[in-house]
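Colleague: Note that the protein sequences, when read in sequence, are chains A and B.
According to our numbering, the stretch in the first sequence is residues 1336 to 2047, in order.
According to our numbering, the stretch in the second sequence is residues 1336 to 2047, in order.
Everything labelled a hint here was simulated from the structure, so no lab data went into it.
Cβ atoms here follow ideal geometry from the backbone N, Cα and C, with glycine treated the same way.
Hints should not be assumed to be uniformly reliable.
To be verified - Negatives, chain A to chain B, calculated, CB over 12 Å:
#1 1356
#2 1424
#3 1628
#4 1680
#5 1879
#6 1881
#7 1914
#8 1936
#9 1969
#10 2032
As the list claims (entries may be wrong) - Under the rule of at most 27 Å between Cα atoms (straight-line distance), these lysine-lysine pairs were calculated in the DSSO-like manner:
#11 B:1537 with A:1613
#12 B:1726 with A:1548
#13 A:1528 with B:1726
#14 A:1548 with B:1997
#15 B:1708 with A:1537
#16 A:1497 with B:1997
#17 A:1497 with B:1726
#18 B:1528 with A:1726
#19 B:1548 with A:1997
#20 B:1497 with A:1726
#21 B:1997 with A:1512
#22 B:1528 with A:1708
#23 B:1787 with A:1497
#24 B:1708 with A:1528
#25 A:1621 with B:1528
#26 A:1548 with B:1548
#27 B:1512 with A:1512
#28 A:1512 with B:1548
#29 B:1497 with A:1787
#30 B:1537 with A:1708
#31 B:1708 with A:1497
#32 A:1537 with B:1613
#33 B:1618 with A:1528
#34 B:1726 with A:1726
#35 A:1548 with B:1512
#36 A:1997 with B:1512
Number of protein chains: 2
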Amino acid sequence: MKKHNVILQPAGRHGQVDEGTSVRSAARELGVDIESICAENATCGKCVVLIEEGHFEKYRVDSKRENVSPITPQEANYFARRPKLLKDKGWEVGQARLACQCRIRGDVLINVPEESRGNKQIIRKSASNRAIEIKPAIRKYLVAMTPPNLERPIADWERLAKGLETSMALARGADEKLPRWYDLTIDYQCLRKLSATLREAKWNVTVSVWRDKEVVAVQAGYVEDSYGAAVDVGSTTVALYLCNLRTGELLAAESEMNPQIAYGEDVMSRIQYAIEHKDGLEKLHKAIIDTLNKLLKQAVKSANMSLRATATLAPDASAGEQSPLTDDEIASGKERPRTSSPQGNDIRIEEILEMVLVGNSTMHHILLNLHPKDLGLAPFAPAIHKSMNVKARELGLNINPSGNIHVLPTIASFVGADTSAMILAEEPHKQDENWLLIDVGTNAELVLGNRKRLLCTSTPTGPALEGAHVKYGMRAARGAIERVSIDEKTLEPRYKIVGEDEWNAGKAKGICGSAIIDAVAEMFRAGVVNSRGKFKMGLESPRIRQGESGWEYVIAWADETSIGRDIPMTQQDVRQIQLAKAALFTAARTLLKRGGLESPDKIILAGGFGSYIDKEKAMLIGLIPDCDLSNVYAIGNAAGDGARIALLNIEKRDEIDSVTRKVERFELPTDPEFQNQFMLATSFPHMSEAFPHIAHLIPNRVADPMAKNFMK
Amino acid sequence: MKKHNVILQPAGRHGQVDEGTSVRSAARELGVDIESICAENATCGKCVVLIEEGHFEKYRVDSKRENVSPITPQEANYFARRPKLLKDKGWEVGQARLACQCRIRGDVLINVPEESRGNKQIIRKSASNRAIEIKPAIRKYLVAMTPPNLERPIADWERLAKGLETSMALARGADEKLPRWYDLTIDYQCLRKLSATLREAKWNVTVSVWRDKEVVAVQAGYVEDSYGAAVDVGSTTVALYLCNLRTGELLAAESEMNPQIAYGEDVMSRIQYAIEHKDGLEKLHKAIIDTLNKLLKQAVKSANMSLRATATLAPDASAGEQSPLTDDEIASGKERPRTSSPQGNDIRIEEILEMVLVGNSTMHHILLNLHPKDLGLAPFAPAIHKSMNVKARELGLNINPSGNIHVLPTIASFVGADTSAMILAEEPHKQDENWLLIDVGTNAELVLGNRKRLLCTSTPTGPALEGAHVKYGMRAARGAIERVSIDEKTLEPRYKIVGEDEWNAGKAKGICGSAIIDAVAEMFRAGVVNSRGKFKMGLESPRIRQGESGWEYVIAWADETSIGRDIPMTQQDVRQIQLAKAALFTAARTLLKRGGLESPDKIILAGGFGSYIDKEKAMLIGLIPDCDLSNVYAIGNAAGDGARIALLNIEKRDEIDSVTRKVERFELPTDPEFQNQFMLATSFPHMSEAFPHIAHLIPNRVADPMAKNFMK
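Put together the whole structure using the sequences plus the hints.
Modeller: The following block contains the structure:
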């Protein structure tokens, strides 16, 4: 395979890549992330790069535009639909290329403009401190046996099982229904190690039993603790919580970007990728499994660092001199003799005996290596709803190979195991009041009800609420505007950038979800747009102008940005938000109507997005139905909380399996009034009757004859 | 790696082997099997080969004795202990070598003498026609579903499970306790294929359910049959029975030598091999798994040939023209569309959904990849008694990967799953009479009792009864003498050779187990030896002479053999048999005494050995206790029968698990009277009081004052 020199500026990364590699792949290989939303379909244009010409002495390279593949028809089409793009940016034809389309054919120097660069997202998810009753699947029992002798050479397993029966009965008391020794089982891979362990341990072992029936680990001597991991696999972020299964203590929380983003930003692009590529599913599956294995190692490492820090404060801290475990040691899972040194109490990765995984239906399928194809095609049926128990070794997860991986149930096509986890965390099924739970993302999942009845639905809200499909939209990463307010009189904005403490400080790169909602709400409240979302004519402000695709409102001027261009909210951007919020609102209204309710008693916004939006402004644009604002809560990563709850309490697993079987599912497009409701809901609330709790904020309030229809 | 030319005569096999390869390995590589009993310890001497010198034009090779490694101390010791061997055979020092010790260092021509050649054993095991009630673990149900639609896009698994609940209830009736749909589970690897299968099948599938709870296969359309395999893994022979799980019909019976013989003839040598070699267990395990996979393919092939032969007789036989399945197709398990042609009904290997395995404790451990180390060291504790269920994919068995492998329980150190299978086949636990079951091999397992109580024990009988450790002993292979009788007056013998129809016909190579018992019994009856096993002095016969190691009786003269040497029974050979039969008899007597019995009501001899011995002669030498000869039965491969019963009837699995838990185990060496009893039992029965049923055969009957002791 021929190799070529590739230099990436301004990062200064360089190296050799294979002939034919796409510029995006080449950049990834050389450690530079380039944005992508459209799954390399040449439609989003987020990956524009510049192929520079000339001799670059520093790298001893002659870069020519002919050293990359010619413009593809898809690419030509992308640029043809944006005739002013090249001129505005001062780019030449053939210089600006889509990194996903153009392939390396010779030595090149490539410039990656600021707006095309991918950034490691700031991850705000963190485990809550919810109290969880500890009833783990794994329980440990010390079993001391008499060694076999010629009078009673009974087999190792039976010797252990009989001792275990006694230990379980002693530890758990007479009330508990425990199995007899001959009904206990042992995991096959655990059995393979049994005889050697019993003899090394001189017949004195700690036995880990899964759900009071299957032995999954046998350790020498007395061992008090074992560990578990709860994981929320989001489309964007993967968050892992390492817990002590005896105490429930959270030992480490680690997160990473979901590496599947390389194959498509949203679930639909990933499903498409899996359909279109022969090894697509395999790649997506391997990517997430590798990340989980990496997170497991990281979590064990940070937990051990904290444990050692604590141990150092203890009186006997100086006892041990042992070196810290290396990554290789952790990965190989080799046992080190335990000592009284701080390091001697290190958690080893094979002591992780269970994991609970949650994620939306697509993440759920890819995790389990189930093809997500049918999730992407009407009628969008998942492969399975029921919760699953799969051995760690079957999935290639590097905890103890005999450990169990529990995956929470999915509820409907786009109401996944993350929603099950959210229900488990918030418990609407135990309330007298009617609660509305909303997890907002590219897709929104909604659950409404109380102890008598739960209804759920989902709706595609599009990526606008997360910053995509909005001209300068981006994820909540460094450089993103996250808050906007507009002065009603001057129509001048103020904004706050992620990572900056002060307002109007820093250089903006784009605008993220929470600020998009702020901006639209403020434009409506300040009267820049009317209740139909149209720019009002005749307003005096340099911020309001005709842009290349119609009217727009400039939030940041070019010199306040890191991309050297004005950052406006355009008429099209506002339209995107109207469509997204109409979808969400209609879904909520439909559930309320099906539940025979006027409004919910409480609204709970889950997920990172919910934590950062301004609830008053969300209601002002009609993203959520009317409700006393003091009863609107943002609860952060409810899915992660739910996963932890299921990890630490097996009764909760049975509970959520049973609850999800009874949830009533509604598919919106089949609702006869959906289209009508949806059209009505695209307007901003100008009807104080429908939104009494924010009526005071609504400009130019009218008594709208359609208000009654709207609420039906 | 340097290569050398190796020629093996008289087979004429030749080829290149790596420098340093042992002659035995080199021979195996070139397709010539060389005998071995002692696990390459240079003690059995069964592998003597001759390194020839000279230029061999045909192979263009200069063979020199220096082209193999020098004589090892072990080897020198072997030859030193047999000073007359070289002279008798006319071999030179350095010419005769042990193939296990001597290694290739250059080009050589090697002569393999007849007695060192391994032969493929004649396998006489075959499935009995015992009636088995069919209650298989796998049941099939046709499930027709309505496809998902937007109104009810319920997941594929739940759609199937609900349909399955209905189909199961219809098929099984109201009486049966069947699970609700939400308690059904699906094997993970089966789930992975579910969505695609349901859609290809247009929502009309046949579902295979394991033990009324776990779905293990989903096939398009209506499929009536699935298949299972029962396997008896003997130390010497592996026998596989392919059955239709619906009808119980036996479709094919295949057998092979156990390839582990290459690593040691008996279980102890194999345990030793596993202990001494780092990858020893891995090799032994892989060898048997590979053989099982080969047998599975062979069985499917022969079953399909029979099925096609039957189909050809049917009126529509000419309909199909499809070519037979190739081995690759069978191995890959790829589906072919079913047609009405004979080939269209071919069994495919992935339609095998369950296997039941039995074997002695060592075979059981190696099969399950459990280290057999502790079976070889006092107190000889197995890893597990309980029956096991392991997924086919975990063991690398190439049936349907979701299929279950059921392994019957072991009972004690040397009373393995084959004994469990024997009990299941013969059902002593359901009798009023007291039955004594004996499986004779290198090790003998004995079970005694009735519905109230079962006792078991085992005893090493040594390999003498199977022809090893006897000077000209061999397995029951072609060329083996299998029957002997001696004229009381002339003391002239008659003999019959395996594979010959006539007596005194063919060329003898050695003497196998059944003939060894015949020979000893006849020597005793004819008065060649006395009741203590000593050669009588002063008998006039050219057959009786002083051999190199003491007195011997010649059964075949050199010119009647293929090895060019006389085949005698020596004083030492008789001694070996005395020790073996004393062990077996003492074990039986001990069980009888523990059971408070004088004699069993019935004696059942299991295994190939039992089928070929003359029961009268076995009793005459005191191999089995006294019993009415019409109540002594040889039942052939009871272990294989038991495996088939467990394959076809799940209730039998639960039954044998429960029966084996209650069996009382006795370890003989711990019995205080064992040594005393054993010494008494080495004599041949000369006490008519103790053996009334064969009293008429006993020569020089005496009223022995010890008879009473003997029977206590």
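Colleague: Would the pair residue 1548 of chain A and residue 1548 of chain B pass a check requiring their Cα atoms to be no farther apart than 27 Å?
Modeller: holds, 17 Å
Colleague: Over 12 Å from every CB of chain B: does residue 1969 of chain A meet that, or does the non-interface label fail?
Modeller: holds, 30 Å
Colleague: Need the status of pair residue 1997 of chain A, residue 1512 of chain B: alpha-carbon distance at most 27 Å?
Modeller: holds, 24 Å
Colleague: Would you check the hint for residue 1497 of chain A and residue 1997 of chain B, treating anything up to 27 Å between C-alpha atoms as holding?
Modeller: holds, 15 Å
Colleague: Does residue 1497 of chain A lie within 27 Å of residue 1708 of chain B when you go C-alpha to C-alpha?
Modeller: holds, 23 Å
Colleague: Grab the minimum beta-carbon distance between residue 2032 of chain A and chain B and tell me whether it stays above 12 Å.
Modeller: holds, 38 Å
Colleague: For residue 1497 of chain B and residue 1787 of chain A, compute the direct alpha-carbon distance and say whether it is at most 27 Å.
Modeller: holds, 24 Å
Colleague: Checking one constraint from the list: CA of residue 1997 of chain B to CA of residue 1512 of chain A, max 27 Å. Satisfied?
Modeller: holds, 24 Å
Colleague: Next pair to validate is residue 1537 of chain B with residue 1613 of chain A; report whether the Cα-Cα distance is within 27 Å.
Modeller: holds, 23 Å
Colleague: Hey, does residue 1881 of chain A actually stay past 12 Å from chain B on C-beta?
Modeller: holds, 42 Å
Colleague: Sort out whether residue 1528 of chain B lies within 27 Å of residue 1621 of chain A, counting only the CA atoms.
Modeller: holds, 18 Å
Colleague: With the threshold set at 27 Å, check whether the alpha-carbon distance from residue 1497 of chain A to residue 1726 of chain B stays at or below it.
Modeller: holds, 26 Å
Every hint, counting from the list given before, is met by this structure.
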